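Chains A and B, in that order, are what the protein sequence lines are.
The first sequence begins at 360 in our numbering and counts up one residue at a time.
The second sequence begins at 186 in our numbering and counts up one residue at a time.
Calculated from the structure, these hints are not laboratory results.
Be aware that one or more of the hints could be misleading.
Facing chain A, according to a computed beta carbon distance under 8 Å, are these residues of chain B, among others [said to hold, decoys possible]: (1) SER348; (2) ILE447; (3) VAL448; (4) ILE463; (5) ASN467; (6) VAL480.
Since we're looking at a predicted model, the values are computed, not measured.
For each residue, glycine too, the CB sits at the ideal point set by N, CA and C.
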Amino acid sequence: MSTVLDASTGPAASPRAAQSPLRRIWRDFIDNPIAVAGLAMLVVIVLVAILAPVISPQNPYDLAQIDVLDSKLPPGGKSASGMTFWLGTDDQGRDMLSAIFYGLRISLIVGASSTALALVIGLTLGLLAAYVGGRVDGLIMRIVDIQLSFPSILIALILIAVLGQGTGKVIAALVTVQWAYYARTVRSVALVEKRKEYMEAARCLALPPSRIVFRHLLPNCLPPMIVVATVQVAAAIALEATLSFLGLGLPITEPSLGLLIANGYQYLLSGKYWISFFPGIALLLTIVSINLVADQLRDVLNPRLAK
Amino acid sequence: MLVFIIRRGLQSVAVLFAMSLLVFVGVYAVGNPIDILINPQADQQDRERAIQALGLDKPLWAQYLSFLNGAVHGDLGRSFVHSTSALGLILERMPATLELALAAMLIAIVLGIPLGLWAGLRPNGFAGRTIMAGSILGFSLPTFWVGLMLIMVFSVILGWLPSNGRGPTTDLLGVPVSFLSLEGWRHLIMPATNLALFNLALMIRLTRSGAREALLQDYVKFARAKGLTNTRVIGVHVLRNILIPIVTVIGLQFGSLIAFAIVTESVFAWPGMGKLLIDSINLLDRPVIVAYLLVIVTFFIVINLAVDVLYSALDPRVRLTDAKT
Chain A
360 MSTVLDASTG PAASPRAAQS PLRRIWRDFI DNPIAVAGLA MLVVIVLVAI LAPVISPQNP
420 YDLAQIDVLD SKLPPGGKSA SGMTFWLGTD DQGRDMLSAI FYGLRISLIV GASSTALALV
480 IGLTLGLLAA YVGGRVDGLI MRIVDIQLSF PSILIALILI AVLGQGTGKV IAALVTVQWA
540 YYARTVRSVA LVEKRKEYME AARCLALPPS RIVFRHLLPN CLPPMIVVAT VQVAAAIALE
600 ATLSFLGLGL PITEPSLGLL IANGYQYLLS GKYWISFFPG IALLLTIVSI NLVADQLRDV
660 LNPRLAK
Chain B
186 MLVFIIRRGL QSVAVLFAMS LLVFVGVYAV GNPIDILINP QADQQDRERA IQALGLDKPL
246 WAQYLSFLNG AVHGDLGRSF VHSTSALGLI LERMPATLEL ALAAMLIAIV LGIPLGLWAG
306 LRPNGFAGRT IMAGSILGFS LPTFWVGLML IMVFSVILGW LPSNGRGPTT DLLGVPVSFL
366 SLEGWRHLIM PATNLALFNL ALMIRLTRSG AREALLQDYV KFARAKGLTN TRVIGVHVLR
426 NILIPIVTVI GLQFGSLIAF AIVTESVFAW PGMGKLLIDS INLLDRPVIV AYLLVIVTFF
486 IVINLAVDVL YSALDPRVRL TDAKT
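Whenever a hint applies, use it, and build me the whole structure from the sequences.
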């Protein structure tokens, strides 16, 4: 396997070999203008989420700053105090733009933290399965197989029904939904890596197993994991939004984009579309930009496609 | 083959049993349905009588055993809220969900395969690229939000279609269905389209990649060399060979359609079993939650088994063996 790769990437790769791998990845990444646009959009979205308290026209959850008299104003409407609501207001008189900025923050935090947690758990169990093998491998992979044969929304709903509601429980549900993907991916990669010479060399040096797994095996399994994790962040954000829309997600005190959309649902039929429409657009842009980046990362990090 | 089916059957029973235990213990450990179900004004005696009637005074293992005993006899407990059989409630709602899922699958197949073929035959053409871009959107759009937007456009702005409910149903062999009347179709078309979007995108991508691969094969070149018409080459030689993965995915996706119907039913107030589940979770109606989950797990097990068996029937190269253990 490795010799084939060397042969195919040999002559073309030699001038690039002098560069650091990160540089090469970056150069390959910016080859595709659509992916660059996705990355730019993602950077803007993340910045908006981080800077939400600074750049929002108002703090939508500070009761002193909102006025019920401003409720359900259409986009571009002005408040009594002269402030313009570019995306309209909701039923409480909150500026939708500010609510979206804050909601984006919560959606991203929940999505990213559940992915990070699931990544750690999935990586550990997947590496364990691949490295130890035998019964441990059989048991872990059987659980993974059973879990992956059910759709994620169903697993998440079962967990919410069992655990009850709340931010921590939503994150727990999202972690449970995701870990199996990482475990399966890292196991399949690790099984290939395990047979390579550098692993044999590490074993011959009688290094402790933990060092072999974490310093030698793990770094070489990471590239495909990055791709899976990127796709899964988008999936986690979408799933959290769906749960919140169903009223089984985050509490009202922490309104994510899904909850904002759910809020506007009841006003949709009377034509007040903006309360649901704009948070949905924000959600859509977030998911699409992450998916575009993930798509390009998949091509860039896959050595088989390297020219 | 027979050994395989028996082994898988036993395995399925084990999975079902484990799920029932997990779900039962989990669901019954959460919250206290007594507070919700019993009138707060009721005195102590009334409360105790109600607790006894619901069987909530017994220890958890005894509750589980009596549940299991009932389950074997086809009784999955009584709903706390509706005081009728939980399984009966679900079976009553099942036709609505199945109809929605079947309609969605039909839309995905009827639109997805031709569009995917088109994109596969002319991958660099304008139409092909547009179809592919659209399919990416189909994967990225959050289903529930698309549902809201459909309501906004077709019910609120245009006023063409009703925004919720199932409308009048006609009995077909004792099962209420809505596809026999125009009014039923008007209610069905929007939720079904909404539910179909993801699978439509999947179908397009699958057909496209299959067609592109098949076009490079020798048998297609040979068919062309024989001077067959383009229609025949594509319709018979290409289509037939890409049908195997498509049939598999159709089978596997049917289960997920039923699961994702939970979301669509909530958006369109479609009276199916998914909406029943959400209502039951909110009301802590535990027997219905447990019954729903057992019913849907059974669905999945049956579907997976059926797909495996069908797969080997369609493709003789596939051998049904348990590779592991």
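key: Hints the structure fails to honour   = 6
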